[in-house]
Amino acid sequence: EPEVTQTPSHQVTQMGQEVILRCVPISNHLYFYWYRQILGQKVEFLVSFYNNEISEKSEIFDDQFSVERPDGSNFTLKIRSTKLEDSAMYFCASGDRRGGETQYFGPGTRLLVL
Amino acid sequence: GQQLNQSPQSMFIQEGEDVSMNCTSSSIFNTWLWYKQDPGEGPVLLIALYKAGELTSNGRLTAQFGITRKDSFLNISASIPSDVGIYFCAGPSYNDYKLSFGAGTTVTVRA
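Protein chains in written order, with the working numbering: chain A, 28 to 141; chain B, 824 to 934.
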């Protein structure tokens, strides 16, 4: 069964460093998302992406964040200058919106900012 | 995102018992999704509901999309140890596509 994959599974970085989180969405999906989950809290929406542009973003997704679909398969989230409070699980999701808004999540990248 | 109220927050049950949890929203949803999350992993989609009143089953799981479009419930029948985990409801509100998540129901099954 097709699934969303994410790399790396874990990332440790120093505060102020840039990180790039990578995702490979399900191949026939057109809608892509990033969410994050701070430890012990619920999943929060960051950004949605369709047709090579951001379609919606939350207030969390400020200027230090950017997304890109550099080729036909990858979808990346870049955090330019990481802060301690960026430590969280970051989930990529994709969907095709056939029949409704169903999103399939990847296994996540655990980001720890020291 | 929209505020989803999910209850109960946690439950301890005996193996073989049925489990029921629900979600309510102050705004109308056009899709209700139920996910299960194991520790350190991503949410796994269990059931998707697209129409008000829809009742859908997936094995021992049954979920319903409330008639008012502001609530949904998930039932797990005859629970087994691997049902342990956190169950989240989620959905986009009307004319929206980003998912709002409930706070989760943590299920612990005693053998």
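Bear in mind the hints are in silico, worked out from the structure with no lab data behind them. Misleading hints may appear alongside valid ones.
[Claimed, not checked] Straight line, CA to CA, 25 Å or less: simulated DSS-like cross-link-like pairs of lysine-lysine:
| # | chain 1 | residue 1 | chain 2 | residue 2 |
| --- | --- | --- | --- | --- |
| 1 | A | Lys105 | A | Lys84 |
| 2 | A | Lys84 | A | Lys110 |
| 3 | B | Lys893 | B | Lys874 |
| 4 | A | Lys110 | A | Lys69 |
| 5 | A | Lys105 | B | Lys893 |
| 6 | B | Lys893 | A | Lys69 |
[What the hints assert, rightly or not] Calculated from the model, a selection of chain B residues having no Cβ within reach of chain A, i.e. all distances over 12 Å:
| # | residue |
| --- | --- |
| 7 | Gln829 |
| 8 | Asp894 |
| 9 | Ser923 |
[Unchecked claim] Derived Cβ-Cβ restraints for the label pairs, each shown as a range:
| # | chain 1 | residue 1 | chain 2 | residue 2 | range |
| --- | --- | --- | --- | --- | --- |
| 10 | A | Asn101 | B | Leu878 | 34 to 40 Å |
| 11 | A | Asp98 | B | Asn898 | 40 to 46 Å |
| 12 | B | Thr931 | A | Gly43 | 39 to 45 Å |
| 13 | B | Asn828 | A | Thr103 | 41 to 47 Å |
| 14 | B | Leu878 | A | Leu57 | 26 to 32 Å |
| 15 | A | Asn101 | B | Glu838 | 38 to 44 Å |
| 16 | A | Ser108 | B | Thr929 | 31 to 37 Å |
| 17 | A | Leu66 | B | Asn828 | 20 to 26 Å |
| 18 | B | Glu864 | A | Tyr77 | 23 to 29 Å |
Because the structure is a prediction, the values reported are computed rather than measured. Note that the Cβ used here is the ideal one computed from N, Cα and C, for glycine as well.
Against the structure, the hints:
1. Lys105(A) with Lys84(A): The given pair, whose Cα atoms are some 14 Å apart, holds under the 25 Å limit.
2. Lys84(A) with Lys110(A): 19 Å, holds
3. Lys893(B) with Lys874(B): Given pair Lys893(B), Lys874(B) holds - Cα atoms ~12 Å apart, limit 25 Å.
4. Lys110(A) with Lys69(A): With Cα atoms ~20 Å apart, Lys110(A) and Lys69(A) stay inside 25 Å; holds.
5. Lys105(A) with Lys893(B): 35 Å, violated
6. Lys893(B) with Lys69(A): 19 Å, holds
7. Gln829: 9 Å, violated
8. Asp894: 17 Å, holds
9. Ser923: 7 Å, violated
10. Asn101(A) with Leu878(B): 34 to 40 Å: Distance hint for Asn101(A), Leu878(B) holds at roughly 39 Å.
11. Asp98(A) with Asn898(B): 40 to 46 Å: 43 Å, holds
12. Thr931(B) with Gly43(A): 39 to 45 Å: Since the Cβ atoms of Thr931(B) and Gly43(A) sit about 40 Å apart, the hinted range of 39 to 45 Å holds.
13. Asn828(B) with Thr103(A): 41 to 47 Å: Hint violated: Cβ distance 34 Å, outside 41 to 47 Å.
14. Leu878(B) with Leu57(A): 26 to 32 Å: 29 Å, holds
15. Asn101(A) with Glu838(B): 38 to 44 Å: The hint (38 to 44 Å, Cβ to Cβ) holds, given that Asn101(A) and Glu838(B) are roughly 43 Å apart.
16. Ser108(A) with Thr929(B): 31 to 37 Å: Check passed, 35 Å falls within 31 to 37 Å.
17. Leu66(A) with Asn828(B): 20 to 26 Å: 22 Å, holds
18. Glu864(B) with Tyr77(A): 23 to 29 Å: The hint (23 to 29 Å, Cβ to Cβ) holds, given that Glu864(B) and Tyr77(A) are roughly 26 Å apart.
Hints 5, 7, 9, 13 from the earlier list are contradicted by this structure; the remaining hints agree with it.
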